[in-house]
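Enquirer: Here's the letter readout for the chains.
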Amino acid sequence: MNNPYYPIDTVLEDVITETPTIKTFCLKPVRPVRFKSGQFMQLTVPGVGEAPFTPSSDPNIAEKMEITILKTGKVTDALHELGPGAKLGLRGPFGKGYPLEKLEGKEVVVVGGGVGLAPMRSLLYGLFDDPSKYKRISIKFGAREPAELCFRGQYNEWVNLSENIDLTTTIDVPHPEWDGKVGLVTTLLDDLDINITDSYALSCGPEIMLKFVTLKLLEVGYKPPQIYLSMNRKMSCGMGKCGRCNVGHYYLCVDGPDMCYDKIKHVPNVFG
Amino acid sequence: MRFIDSTNFERLLKKLSGEGELFVPVLDEDSQKNHFERVEAFPLPEGTNFEGFRAVETLKGFAQLVRSMVARYPTEGMDEMDVEALIPTFVIVGAKACDVRAMQLVDKVQVEGEFTDPFYKARRDKMILIASDCTEAGETCFCNLLGSNPWPENGFDLSISKVDGGYLVETGSDRGKTIVEENSELFTDLREGQEKSRDEVRMKVLAGLKATNKKYPSGEKVTEPLREALSDPLWQDEAARCLECGACTNICPTCYCFLLFDQKDESGEGFKRIMSWDSCQVTGYARMAGMGNPRPRLSDRMKHRLYHKYDYLVLSHGEIFCTGCGRCIDACSASIDMREVFSRVAK
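Quick note, the sequences are listed as chains A and B, same order.
The C-terminal residue of the first sequence carries number 602 in my numbering, and the numbering is unbroken.
The C-terminal residue of the second sequence carries number 771 in my numbering, and the numbering is unbroken.
If you're looking for bench data, these hints aren't it; they were derived computationally from the structure.
Just so you know, even glycine gets a beta-carbon here, dropped at the ideal spot from N, CA and C.
There's no promise every hint is true.
[Claimed, not checked] Derived DSSO-like pairs (lysine-lysine); straight-line CA-CA distance at most 27 Å: (1) LYS639/B with LYS771/B; (2) LYS553/A with LYS436/A; (3) LYS426/A with LYS550/B; (4) LYS394/A with LYS438/B; (5) LYS564/A with LYS645/B; (6) LYS688/B with LYS404/A; (7) LYS465/A with LYS564/A; (8) LYS438/B with LYS457/B; (9) LYS401/A with LYS696/B; (10) LYS532/B with LYS564/A; (11) LYS593/A with LYS457/B; (12) LYS696/B with LYS358/A; (13) LYS532/B with LYS593/A; (14) LYS417/A with LYS358/A; (15) LYS358/A with LYS432/A; (16) LYS688/B with LYS417/A; (17) LYS595/A with LYS645/B; (18) LYS564/A with LYS545/B; (19) LYS564/A with LYS426/A; (20) LYS696/B with LYS404/A; (21) LYS564/A with LYS696/B; (22) LYS401/A with LYS436/A; (23) LYS511/A with LYS366/A; (24) LYS401/A with LYS688/B; (25) LYS688/B with LYS358/A; (26) LYS550/B with LYS532/B; (27) LYS366/A with LYS394/A; (28) LYS645/B with LYS426/A; (29) LYS465/A with LYS404/A.
[As the list claims (entries may be wrong)] According to the in silico footprint, chain A covers these stretches of chain B (three or more CB under 8 Å from chain A): (30) 539-548; (31) 683-693; (32) 701-713; (33) 718-728.
The whole structure should be built from the sequences, with the hints applied where relevant.
Expert: Right under this line is the structure:
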């Protein structure tokens, strides 16, 4: 019988420090876990609990999985103390994942902030499978300071994959080691050189960032159906049963966690 | 439909108690309300009452325990454990239409769809359900507003209706048919007038319900205005009285929300994953790591509960998740009455 509450035994193989508060955990589950970009997992720290995370790794690889996690609560605090060899558990994948089919032939704008870059990397790996399927892949990443820009070492590699890929970054406040753009991630959406009517924008980051990114996208001409947001809610079961992650009548764990803004724009406190 | 006299009905229950634990409603002298009790021995407990209206307890707690273990870790073979074999058969007698209906609704969430909760499903499969007609309505009963009747129409194995000297028995499942066939010597054919006398009681109870609830809007007239009332000040008004105790969600037969959490096991080496009832009315329910909370105010949470039942689940599962049992009204220390709230919404 299939007990969906039982986590698959998983070994922590490696830990990569991305920023002072963000680490990538390289996991090996005892059996392969196939997921689609944007689907999420419930990660168990034995004896502490479980919490939902979207993998940051390539969805084509099922034998191993990477999850990039900000230290921000009970489970993540415990995770950040762990090193290679630790025993963990995985349930999932849950949720729908990003609507990759819809993005084909479109100018895709990917907006990530802080640890929100983590699920975006899995989306990008999905898009990088065949970049020619998309007219354009334009990546806009922001963080508070240079040290908090995740995956910085990979950016060059990404833009070199194909001519239709570009990436710009910004940090919130000036920093002595930074000679790039300064300002909130929304400033990267000013003067967009994108054919907006033929574009989709996808964003992941803290709720407050999602709110201002959405407002900015609407201001520059995006319509709600063209905006996809990786929403945050507390989750427990992952299967639409525990009743915790409602956004309006949607359960993020089943219908999301990436939601088309058009479907949720009427919900009060949609951005928390 | 068959007739069974009261003595033979008790014989039938005694026989069924051989299948597993047997629960019956027993009338509490002081409160004049039914409570489910486990039958330890026959004859049936004094005060056993298959009449009246719904018991204080719902059927929810039989299918989704207040607290139960759903996984242990790390333990070899746990993912292949045979839940069906772990859960024994049990028999519930005297459940009313609103509660049978509530289980059918919760089934849609816990059993149907991509994932099934194997524990809930096993308990539902192992539940032999003998429903019974309401012979009176409680002051807070409003099943008629939800398009239901105070007698069970489906979702049971057997259903009994009190008539002079015994019960009329309807079968509602293959298991129910088998019970009647295997005990055919206990049943007789209907006598003339018995069905009519059952129907008279039914109509009388229904008429009473209609009279009690005539000033309130029916459930189907609530959903649309509710969608227009998202920012209505009435929510702050109503929530001002709420004590945030969570009684309404605990006592509700269709409130199925739960929390999973992990506890160190007795050995101190592994952990148990516990599923526990939870209440969307308390502050921490939707609070995330980092303290973000989509429903920080009590009015947000009260609104959420009613929207979940009368709007969200209509959109996601096609049904209002309320059966009009009225328990939330009985249980509320602040006298918040869902019917009054909806009267304001649908004004």
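Enquirer: Now tell me if each hint is right for this structure.
Expert: Hint check results:
1. LYS639/B with LYS771/B: holds (11 Å)
2. LYS553/A with LYS436/A: holds (15 Å)
3. LYS426/A with LYS550/B: violated (33 Å)
4. LYS394/A with LYS438/B: violated (57 Å)
5. LYS564/A with LYS645/B: Distance of about 32 Å is beyond 27 Å: violated.
6. LYS688/B with LYS404/A: Cα-Cα ~15 Å, so holds.
7. LYS465/A with LYS564/A: Outside the cut-off at roughly 35 Å; violated.
8. LYS438/B with LYS457/B: Distance of about 24 Å is within 27 Å: holds.
9. LYS401/A with LYS696/B: holds (24 Å)
10. LYS532/B with LYS564/A: Distance ~22 Å between LYS532/B and LYS564/A Cα, so the pair holds.
11. LYS593/A with LYS457/B: violated (45 Å)
12. LYS696/B with LYS358/A: Judged against 27 Å, a Cα distance of about 22 Å means the pair holds.
13. LYS532/B with LYS593/A: holds (23 Å)
14. LYS417/A with LYS358/A: holds (10 Å)
15. LYS358/A with LYS432/A: Since the Cα atoms of LYS358/A and LYS432/A sit roughly 31 Å apart, the hinted pair is violated (cutoff 27 Å).
16. LYS688/B with LYS417/A: Cα-Cα ~15 Å, so holds.
17. LYS595/A with LYS645/B: holds (25 Å)
18. LYS564/A with LYS545/B: Given that 27 Å is the threshold and the Cα spacing comes to 25 Å, the pair holds.
19. LYS564/A with LYS426/A: holds (17 Å)
20. LYS696/B with LYS404/A: holds (17 Å)
21. LYS564/A with LYS696/B: This hinted pair holds, its Cα atoms lying about 21 Å apart.
22. LYS401/A with LYS436/A: violated (35 Å)
23. LYS511/A with LYS366/A: The hint is violated at about 33 Å.
24. LYS401/A with LYS688/B: Measuring from Cα to Cα gives roughly 23 Å; hence the hint holds.
25. LYS688/B with LYS358/A: It holds: about 24 Å lies between the C-alpha atoms, which stays within 27 Å.
26. LYS550/B with LYS532/B: holds (17 Å)
27. LYS366/A with LYS394/A: This hinted pair holds, its Cα atoms lying about 14 Å apart.
28. LYS645/B with LYS426/A: Judged against 27 Å, a Cα distance of about 33 Å means the pair is violated.
29. LYS465/A with LYS404/A: It is violated: about 42 Å lies between the C-alpha atoms, which goes past 27 Å.
30. 539-548: holds (count 4)
31. 683-693: holds (count 5)
32. 701-713: The restraint on the region 701-713 of chain B holds, since 7 of its residues have a Cβ under 8 Å from chain A and three suffice.
33. 718-728: Held - the region 718-728 of chain B has 4 residues with a Cβ nearer than 8 Å to chain A, which meets the minimum of three.
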